[in-house]
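Engineer: Go ahead and model the full structure; you've got the sequences and the hints to work with.
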Amino acid sequence: MNIIEQQYEKSIGPVLRNWKAAPSPPPFVFQRIMAHIESPPSQQVRSTIRWLHPLTFGLSLMIVGVVVVSSFNMSMAVDRHKANDFMESYLTYVNQSVSPQNEDFLSLELKGD
Amino acid sequence: MLHQSLFYTSEMEDFEHVYEQNKDFVFRVVYKMVQNQQIAEDLVQDTFIRVFEKREKFQAKSTLKTWIFRIATHITLSYLAREKTRNNARFIWPFQHDDFSQEIESSVDVDQLKKWLKEVTPSYRICLILKETEDLSYQDIAQTLGININTVRSRINRAKKQLVTLSRRRIK
Numbered sequence: 001m002n003i004i005e006q007q008y009e010k011s012i013g014p015v016l017r018n019w020k021a022a023p024s025p026p027p028f029v030f031q032r033i034m035a036h037i038e039s040p041p042s043q044q045v046r047s048t049i050r051w052l053h054p055l056t057f058g059l060s061l062m063i064v065g066v067v068v069v070s071s072f073n074m075s076m077a078v079d080r081h082k083a084n085d086f087m088e089s090y091l092t093y094v095n096q097s098v099s100p101q102n103e104d105f106l107s108l109e110l111k112g113d
Numbered sequence: 001m002l003h004q005s006l007f008y009t010s011e012m013e014d015f016e017h018v019y020e021q022n023k024d025f026v027f028r029v030v031y032k033m034v035q036n037q038q039i040a041e042d043l044v045q046d047t048f049i050r051v052f053e054k055r056e057k058f059q060a061k062s063t064l065k066t067w068i069f070r071i072a073t074h075i076t077l078s079y080l081a082r083e084k085t086r087n088n089a090r091f092i093w094p095f096q097h098d099d100f101s102q103e104i105e106s107s108v109d110v111d112q113l114k115k116w117l118k119e120v121t122p123s124y125r126i127c128l129i130l131k132e133t134e135d136l137s138y139q140d141i142a143q144t145l146g147i148n149i150n151t152v153r154s155r156i157n158r159a160k161k162q163l164v165t166l167s168r169r170r171i172k
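In order, the protein sequences belong to chains A and B. For what it's worth, the numbering used here labels the leading residue of the first sequence as 1, then goes sequentially. For what it's worth, the numbering used here labels the leading residue of the second sequence as 1, then goes sequentially.
No wet-lab data here; the hints were simulated from the structure. Any given hint might turn out to be false.
Selected chain B positions facing chain A (Cβ under 7 Å, derived; list incomplete) [stated by the list, open to error]:
#1 Lys23
#2 Tyr31
#3 Lys160
#4 Lys161
The beta carbon of each residue, even a glycine, is placed where N, CA and C say it ideally should be.
Structural biologist: Pasting the structure below:
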C-alpha cells in the first residue's frame, strides 16, 4: 500500500464508505416523467415542427416571390397608364398647336419667313 | 387502435417496473455526484425520459441496469461539464509540489468530505463513488461506464490522490 493509499484509508475512505445519501427520489419525479412521456401534444408539435420547417420555408419563399412579382407588375401597369395619359395629353396639345385656326401657329409661320 | 392502446399500457407498466427497480441506485449516485437534491431529481428525470425514448435501442449486450446507469452517467457528466463552463471553473492540481509524506488529519467529517468531493474531477469522482459507496467491482465499474478496467483503477487512484491533496491543504 503506497503512502497516498495509507493516508486515504486513515481518514477519508471510511467516511466516504459510510456516507448515507438520500436513498430514493420523491414520488413526484416519476409523475413528472410520466407527464412528459404521456404528453402527446408536445410530441405532435415536435414532429409537426420537424416537417413544417422546410414546408414553411418553401411557402414563405413562394409568397415573397408572388408579392415581389405582382408589385412589379402593378408598378409597371401604373407606369404604362401614366405614359398613356401623358401621350394622350401631349398629342392633344400638339394637335391644338398645329391647327390652322391657332393664331400663335400662324405668327410662328410668318416669323419663319 | 385497441391493440395499440393495450401494447402502450403494457409498455408503461414495464417502464414503471424498470423505474422502480433502478431509481434508487441512479438517484443515490447522481445525488453524490452533484450533491444537490433538486438537481439530482432533474437529472434522474432526464435519465428515465431518455431511457424511455431510447428503449428500442437497448441491446442485451449489457444488463438493463448497466445500460440505464450509463445513460445517467452521460447526463450527469454533461451537466457537470456545462456547469464548469458556465462558472468558468479552473482548478490546477499542483501534484508535483505536494509532499505526500506529510501526515493528514485523522478526523474528517462528511460535510468536509462532500466539499472536497465536489472538487475532484467528475470522471474520477464517479469511479470512486461507485467503488466506495456502491461497492461495485472494478469490472462492474468498467462495464457500467464503458471504459477499460485499467482506466477505472487509475481514475480511482487519481481521485484518492486529489482528495488527499485537498485534505492536506486544509491542515496547512
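Engineer: Next step is simple, just say for each hint if it's right about the structure.
Structural biologist: Status of each hint after checking the structure:
Hint status for Lys23/B: holds, given a least beta-carbon distance of 6 Å to chain A, under 7 Å. Given hint, Tyr31/B at the interface with chain A, holds; its Cβ is 5 Å from that chain's nearest Cβ, closer than 7 Å. Nearest Cβ of chain A to the Cβ of Lys160/B: about 4 Å, under the 7 Å cut. The hint holds. Using the Cβ-Cβ criterion of 7 Å, the hint placing Lys161/B at the interface with chain A is satisfied: the shortest such distance is roughly 5 Å.
Of the numbered hints listed earlier, not one is contradicted by the structure.
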